[in-house]
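Each chain is listed here by its residues.
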Amino acid sequence: MKKIEAIIQPFKLEEVKEALKGIGIDGMTISEVRGHGRQKGHKEVYRGQEYVVDMLPKVKLEMVVPAARADEVIKTLVSSARTGKIGDGKIFIYDVAQAVRIRNDDRGEAAL
Amino acid sequence: MTKLCGLLSVAAGALWAQTAPDKVAALEGAVQSAQSAGDNAWMLTSSALVLMMTGPGLALFYGGLVRKKNVLGTMMQSFILMALVTVVWAVAGYSLAFGEGNVFVGDLRYLFLNGVGAAPNADYAATIPQQTFMVYQLMFAIITPALISGAFAERMKFSAMLLFMILWVLIVYFPMAHMVWGKGGLLNAFLGGKVPCFDFAGGTVVHITSGVSALVCALYMGKRKGYLVEPMKPHSMVLSFIGACLLWVGWFGFNAGSALGASALASSAFVATHFAAAAATLGWLLAEWMRTGKPSVLGGISGCVAGLVAITPASGFVKPMPALFIGFAAGVVCYLMVTAVKSKFGYDDSLDAYGIHGAGGTLGALLTGVFATNQVNNALKDAAGAPLPLGLVDGNAGQVANQAIGVLVAWVLAIVGTLVILKICDAVIGVRVDPDQETEGLDLSMHGEEGYSYEA
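Chains A and B are the protein sequences, given in the same order. To convert a position in the first sequence, counted from 1, into the numbering used here, add 213. To convert a position in the second sequence, counted from 1, into the numbering used here, add 11.
Just so you know, the hints here were simulated from the structure itself, not pulled from any lab data. Incorrect hints may appear among the rest.
[As the list claims (entries may be wrong)] Derived pair list, reagent style EDC-like, types lysine to aspartate or glutamate, alpha-carbon separation capped at 20 Å:
| no. | chain 1 | residue 1 | chain 2 | residue 2 |
| --- | --- | --- | --- | --- |
| 1 | B | K79 | A | E285 |
| 2 | A | K303 | A | E285 |
| 3 | B | K79 | A | E263 |
| 4 | A | K273 | A | E245 |
Please put together the full structure from these sequences, using the hints given.
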């Protein structure tokens, strides 16, 4: 099993969700996060006082999928979340040791 | 039969003789009560509009400008004055402001609102119950100290603020209101003041006193912890935006209501007020756009408030075109005050109570001496009943000097009074919260609550 963690532009969330649904992935956890990589922040001015805002709002999606499907999911994520500009985000992939469904104690891929 | 006819005609004659003056008296009474009803309706509406300026208007405007952790504490600083000042006003405030007294302060004739009822007080407003006049003026006494809270935002102890505000209305506001608007007051142009100063709705009484006191507070209390190091940007421009729009609307009660009746003068003040707000919005935005490259929403709403402040003393004395000029000037001047001047001197007037109310009020009070005209307000008449010239545009150049004296009195009273009050509060309670409490925020440390709860 692989855990796929994608940090994307917030406005791309719906498009990405639809694309994932299209390949049969509809379980995921999302959170609103802030951060930046190479994308620089922006300047705000309030009554002459300047503030540099470099932690930009992003959305983080996390999902665990069977290892065999990981590449397909990653391809879908990349194509649906991409605008081609700095700030599109990143994807990280981890190995998952075990998964447990709390309701009935299913283990492994059966729990996904 | 003839006797009876004679008797009847005598009786009819007597009846006719009685009826004519009776009818006139009845008509006069009906006209008077119709005017009273109209004026009273407008003045009660105005009273409610002015209260709306404090809560929610100012509470939202200021509340949005502070950090998230201080939103409730800041709103409470406005709201609590709606309660606190009302009680002080009922007990002694109205009397100290509007009792005849001496040139500086009123006497105690209206203590506990004694004798303030349905009968009008002809010295102030002959067509409305004195009770209406009293409650209308109360709303001014509420918002004025609330304006100061912009200067010490995010760092004043709630208990110290309560003591400060009680003393401030007693020592600064009531005397200033008496001097300018009270019968026999030093600066009252219409009721026997020695230095006739025109202040229609409170340029000196409201905005200079609060704005200058705000500067004193900012200097005395020092900067917020982390000022210019930590980010302190407004946590919700949306709240501030709504607040500013409510202030703009409420200000019609403030200025047009100061005509104290539903008169043509009220219409004139309404128009002047609106025009000044519009021009000031554009003035501030233009200055900002040229200087920083972007017209900000905060700039627009700050500009409208600056214009409303500056037109306040002038609103019942000037024509629409001077109102546009006063507003535009206030927009540009106040923009420079809160940006260039504030950063040059380095004081932390957190929400720019001085930069907008102190500076805008001073500018407006002085320009009132220039543009006041008897074509708008003919309340001052010579012995023959002809209206007297008011401002420079009427040929009365000396009025600018009178206005300057009024401004000076307001500045001195605000500086000295506020400094003394701060010393007292500091000695008795301590004006500033602990550094830990300041870091935690006023919402939790003062009130035990949070403005935005994510667990709920």
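Hint by hint, here is what the structure shows:
1. B:K79 <-> A:E285: violated (43 Å)
2. A:K303 <-> A:E285: Holds - the C-alpha atoms of E285 of chain A and K303 of chain A are around 16 Å apart, at most 20 Å.
3. B:K79 <-> A:E263: Given that 20 Å is the threshold and the Cα spacing comes to 19 Å, the pair holds.
4. A:K273 <-> A:E245: holds (6 Å)
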